[in-house]
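Per the numbering used here, the sequence shown starts with residue 1, numbered consecutively.
In case anyone wonders, no lab produced these hints; they're calculated from the structure.
Since the structure is predicted, the reported quantities are computational estimates derived from the model, not experimental observations.
Idealized CB from N, CA, C, for every residue including glycine.
Some hints could be false.
Ranges between beta-carbon positions, derived for each pair [to be verified]:
1) D35 x R99: 32 to 38 Å
2) T2 x G41: 29 to 35 Å
3) A95 x L13: 18 to 24 Å
4) P121 x K80: 14 to 20 Å
5) G59 x S122: 40 to 46 Å
6) G72 x A95: 15 to 21 Å
7) G71 x T33: 21 to 27 Å
8) K126 x D12: 34 to 40 Å
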Amino acid sequence: VTHLHNGKETFDLPEASVDVAMAVLAYHDYYFTHDARPGGGHEDVPAVLASLYRVIRPGGSVVIVDHVAKGGAGPADFDKLHRIDPAVVQAQMEAAGFRLADQAEFLKNQEDNLVMSPFDPSIRGKTSRFVYRFEKP
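Let the hints inform the model, and build the full structure from the sequences given.
Written out as structure tokens, the structure reads:
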């Protein structure tokens, strides 16, 4: 296992050189707006995913775990709530060329209202989370 970080969101590794990539409680941060990003807006998600697709080897996996937002939530919600709609993640990953290979529900919490900040002490560490494994064909 090698942890790599180049200081940016896109991947500048050799093509098809990565077996597995993971984003744990981080995908929603592509929508976090702050001054460190050019223009102060959110990340160019299609560009990030295109660079990820390029570096994952055929048959390789991308595992994404994140806090669940209510269905229909959008970028402003993802920024404010630090959560993301799993359907948005799936659609974006599939648009980038990946296919959903597996998912797990062991981190679901039916008592989570899906609109509370995951930093709220009453839900911290107990949010409903999705676990997706995507594969590059």
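Hint by hint, here is what the structure shows:
no.	hint	verdict
1	D35 x R99: 32 to 38 Å	holds (36 Å)
2	T2 x G41: 29 to 35 Å	holds (31 Å)
3	A95 x L13: 18 to 24 Å	holds (21 Å)
4	P121 x K80: 14 to 20 Å	holds (18 Å)
5	G59 x S122: 40 to 46 Å	holds (42 Å)
6	G72 x A95: 15 to 21 Å	holds (18 Å)
7	G71 x T33: 21 to 27 Å	holds (22 Å)
8	K126 x D12: 34 to 40 Å	holds (37 Å)
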